[in-house]
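Enquirer: Next come the chains, spelled out residue by residue.
There are 2 protein chains.
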Amino acid sequence: MGIGRVGRRTVEFWFELASPYSYLSALRIDALSAASGVAVTWRPFVLGAIFKNQGLTTSPFNVDAAKGRHMWRDVERRAATYRLPFRPPTPFPQNSLLAHRVALVGLDADWGKAFVLEAYRAGFANDQDVGSPEVLGTCVAWAGGEPGRALAEAGLTETKERLHDATAEACSKGVFGAPSFVVGDELFWGDDRLEDAIQWAVGGHALQQA
Amino acid sequence: MGIGRVGRRTVEFWFELASPYSYLSALRIDALSAASGVAVTWRPFVLGAIFKNQGLTTSPFNVDAAKGRHMWRDVERRAATYRLPFRPPTPFPQNSLLAHRVALVGLDADWGKAFVLEAYRAGFANDQDVGSPEVLGTCVAWAGGEPGRALAEAGLTETKERLHDATAEACSKGVFGAPSFVVGDELFWGDDRLEDAIQWAVGGHALQQA
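Chains A and B supply the protein sequences, listed in that same order.
Everything in the first sequence is counted per our numbering, starting at 185 for the first residue and increasing by one.
Everything in the second sequence is counted per our numbering, starting at 185 for the first residue and increasing by one.
Take the hints with a grain of salt, since some may be wrong.
The list treats identical chains as interchangeable, and a pair is accepted whether it falls inside one copy or across any two copies.
[To be verified] Straight-line Cα separation of at most 20 Å, EDC-like style, residue types lysine to aspartate or glutamate; simulated pairs:
hint, residue 1, residue 2
1, K251, E353
2, K357, D248
3, K236, D248
4, K251, E370
In short, the hints are calculated from the structure, not lab data.
Keep in mind that this is a model prediction, so the values were computed, not measured.
All chains, please: the whole structure from these sequences, using the hints.
Expert: The structure is reproduced here in structure tokens:
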């Protein structure tokens with residue numbers, strides 16, 4: 185967990201590896217963090233568990249066809265604006281549970297963020313199955329980790345419980361979708377609020393002085 | 185219906201008078217239209233009818249408490265950024281059916297846009313009931329219309345059918361929430377996509393050349 189410049193608060197970046205808008209934020213947040221001096225902590229959580237609490241059994245983008253159509257086109261437009269590759273995953277949403285556990289293991293070591301970026305690339309640029317241990321092992325290797333050991337640690341009860349606890353923590357902070365950004369007591373939801381969250385961390389109530 | 189500068193397309197602004205994010209867009213869109221030379225057509229529709237098709241009986245912000253809490257705080261933050269007054273209406277959502285009918289009548293005359301802005305001010309700055317004929321009559325008067333005549337025309341079967349047809353047209357264009365912006369075949373959802381929609385109208389595929 186890094187400390188930003190004096191007086192600047194940390195942004196908690198709550199992401200879900202199956203979430204298209206989280207993909208956009210994950211690929212953008214490092215540059216914004218560097219430019220602002222705001223530290224970012226990467227927090228994987230299980231969005232499906234939160235959706236289940238809302239009475240959903242799949243993504244809201246699958247429940248409402250019109251909303252889903254808009255989302256795919258919107259992400260495509262925004263990816264083009266950001267000059268990011270984008271290819272919708274099939275099927276959607278992918279099963280991201282194991283990937284999140286691997287991410288937790290990697291974030292304890294020094295390859296977690298690189299792994300998350302590789303996993304997003306696999307899922308949203310290369311149409312690979314991020315539920316597959318083989319795909320995840322390759323992502324771990326690219327990120328500089330040791331695949332066999334990483335997948336073994338991901339399967340430990342302790343790791344599963346930590347992911348469960350992280351999801352409960354997200355819930356307790358008001359998170360209901362992904363990506364979400366938490367700065368002190370302020371919650372920002374959506375890739376389109378990433379800049380706002382960074383600004384909030386830079387200057388406290390900076391938005392109100394804009 | 186205005187025509188923008190040569191080569192610039194029109195933005196259809198689909199708004200719902202009970203929608204907080206539509207309030208933000210309604211108060212911002214004129215300045216963006218003027219600065220860009222893009223013409224805007226104001227299109228009221230009944231969001232509740234679309235929610236009903238989605239199986240909802242109230243606003244999604246009431247269905248999911250965490251989502252609702254975030255929305256109120258998010259609108260408050262954004263209103264502060266835009267230097268707009270904001271006071272959450274009670275109860276929420278307000279009954280906007282009559283207000284939409286009056287808006288249609290006014291948009292046929294020359295006081296429609298001013299009426300819509302007055303109705304938004306009543307609902308989201310002054311905590312007045314925009315379901316009330318008295319409040320709406322005052323809004324019509326401020327906008328330069330004749331309240332008695334406006335309310336009578338709003339009650340005509342023809343006006344009711346036009347609002348119904350407008351809502352069906354919104355649906356057919358993929359609208360599932362408010363505000364929505366339609367530029368040719370492109371749909372943009374949310375106050376945070378207003379600038380994108382204007383840009384799209386200015387330069388066609390401008391986003392992809394950004």
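Enquirer: It remains to establish, for every hint, whether it holds in the given structure.
Expert: Taking the hints in turn, this is what the structure says about them:
Taking the closest pair of Cα atoms, K251 and E353 come within 20 Å of each other only across two copies (16 Å); inside a single copy the shortest separation is 28 Å, beyond that limit. Taking identical chains as interchangeable, the C-alpha atoms of K357 and D248 lie at most 20 Å apart only when they sit on different chains, with a minimum of 15 Å there against 26 Å within one chain. Within a single copy, K236 and D248 get their C-alpha atoms as close as 16 Å, and across copies as close as 12 Å, so both meet the 20 Å cut-off. For the identical chains of this complex, K251 and E370 are inter-copy neighbours only, at 14 Å across copies versus 27 Å inside a copy, given an alpha-carbon limit of 20 Å.
The structure fails none of the hints (numbered hints given earlier).
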